[in-house]
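*Asks:* For reference, the chains in residue letters:
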Amino acid sequence: MSSNTQNEWPLWEVFVRNKAGLDHKHCGSLHAADAKMALQMARDVYTRRQEGTSIWVVLSSQIVASDPGEKGMYFDPMEDKVYRHPTFYELPESINHM
Amino acid sequence: MYTQAMSVGPQDAPSSKIKSADEMQREAAFEARIAAGDFIEAKDWMPEHYRKTLVRQISQHAHSEIVGMLPEGNWITRAPTLKRKAILLAKVQDEAGHGLYLYSAAETLGTSRDQMLDALHSGKAKYSSIFNYPTLNWADIGVIGWLVDGAAIMNQVPLCRCSYAPYARAMIRVCREESFHQRQGYESLLVMMRDGTAEQKAMVQDAVNRWWWPALMMFGPEDKDSPNSEQSIRWGIKRVTNDQLRQKFVDATVPQAELLGITLPDPDLKWNAEREAHDFGKIDWAEFWRVVNGEGPMNRERLGARVKAWEDGAWVRDAALEHARKQARKQAMKEQAA
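Sequence lines, in order, name chains A and B.
For the first sequence, my numbering assigns the number 1 to the initial residue and increments by one for each residue that follows.
For the second sequence, my numbering assigns the number 99 to the initial residue and increments by one for each residue that follows.
Watch out, some of these pointers could steer you wrong.
Within a straight-line C-alpha distance of at most 20 angstroms, the following computed SDA-like cross-link-like pairs (lysine to any residue) qualify [unchecked claim]:
(1) A:K36 / B:K181
(2) A:K19 / A:T47
(3) A:K71 / B:A422
(4) A:K71 / B:K181
(5) A:K36 / B:A422
(6) B:K181 / A:D76
(7) B:K141 / A:P68
(8) B:K141 / A:K36
Since the hints were derived computationally from the structure, they do not count as laboratory data.
Every value quoted in this text rests on a predicted model; they were computed, and no experiment measured them.
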């Protein structure tokens, strides 16, 4: 990263709930000086057409993420556990809606 | 609003240094993912040249959105009715939003916002040449919506499938909002052509005469003069060539012009039954390169306005940051005392 970013406002990740009953979903990021400003700006940047009923903002530096380089090691072990899916079990036609 | 400059300006040559076996293996795996139609995410490994190409394209696209606010912003206080003023305000605000989505997408590639702004303000980065033309009368605002945003949409829709996922996601959002831009422009021209005085109708024709060719130039140089297109298409950064998009735009626009009752300023424009497409006249590429290289009618004015806004806002940015630091210190002291 550049050395001239000391005066850059910190980066925030924005999560928006489209409507009551749904999850908050990541929709992008923005720069803001503090949390209050981040919320106000998130409203203006990401919900200009009533896309939201609730917003979360979190400092990007606070996000802890899995390592994409270890994606295989991390997620592949679930690949052979087909018995975790309902379709693994064959049942008689008459009660197969179970 | 738009991207074209993405394929113009200084290009980064692929690195010619000798690659390690490990790097070659990673590159092969990357190429295979692209070939399989996979999306690339921010933290995934990617070749340096792919990263640089994207940073240049996305940041130039972002700059275009930001500079694109200036020609229209000129007319906010002069809009003929409150309705048109509210529409124009909403559109200009959208352009700011689009710029922000795109800067964020570019930042995921490891470049900072300040670096990108610095490149814009120092004149190092390009933005779409279209914004270096002046908006002389109110009909220009309608024509920008119709032709400039129309050309932008043509260009941007394929980018929603760009292999770099953060860019593709930003483009989906942009495209969803952009269609109002084109429709409001065309509708305002319809009203002028239907209810306007002879003078107002002449304004529409005048605006079309001035914007038509620059709009065609928005698609960038002809394919034969776009040496980097092939690599971008192979990488899924670009999906359709400049000439294909330009042709599509001309074919879509001709019937819209007819309905409006205006003439597109090209005597060579005619339907070619054999090609099932319109033939059109030769674009003045010398003009295009003049404008790209800083000699357009409004280059200095646009960049000057942009730099002034940035510098005039410096104290606000500094004050907000200092306020945030002060609040954080106060909070920490309170917590310590408790």
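*Asks:* Now look at each hint and say whether the structure bears it out.
*Replies:* Against the structure, the hints:
This hinted pair does not check out: A:K36 and B:K181 have alpha carbons roughly 32 angstroms apart, beyond 20 angstroms. Among the hinted pairs, A:K19 with A:T47 is consistent with the structure: their alpha-carbon atoms are about 12 angstroms apart, no more than 20 angstroms. Taking the CA atoms of A:K71 and B:A422, the gap is near 37 angstroms; set against the 20 angstroms cutoff, the hint is violated. Between A:K71 and B:K181 the CA atoms are separated by roughly 52 angstroms; this puts the pair beyond 20 angstroms, and the hint is violated.
Between A:K36 and B:A422 the alpha-carbon distance is near 10 angstroms, which keeps this suggested pair within the 20 angstroms criterion. About 56 angstroms separates the Cα atoms of B:K181 and A:D76, which puts this hinted pair outside 20 angstroms; it is violated. Distance check on the hinted pair: B:K141 and A:P68 sit about 6 angstroms apart at the alpha-carbon level, within 20 angstroms; holds. Simply put, B:K141 and A:K36 have alpha-carbon atoms about 29 angstroms apart, too far for the 20 angstroms limit, and the pair is violated.
Hint compliance for this structure: hints 1, 3, 4, 6 and 8 are not met, and every other hint is.
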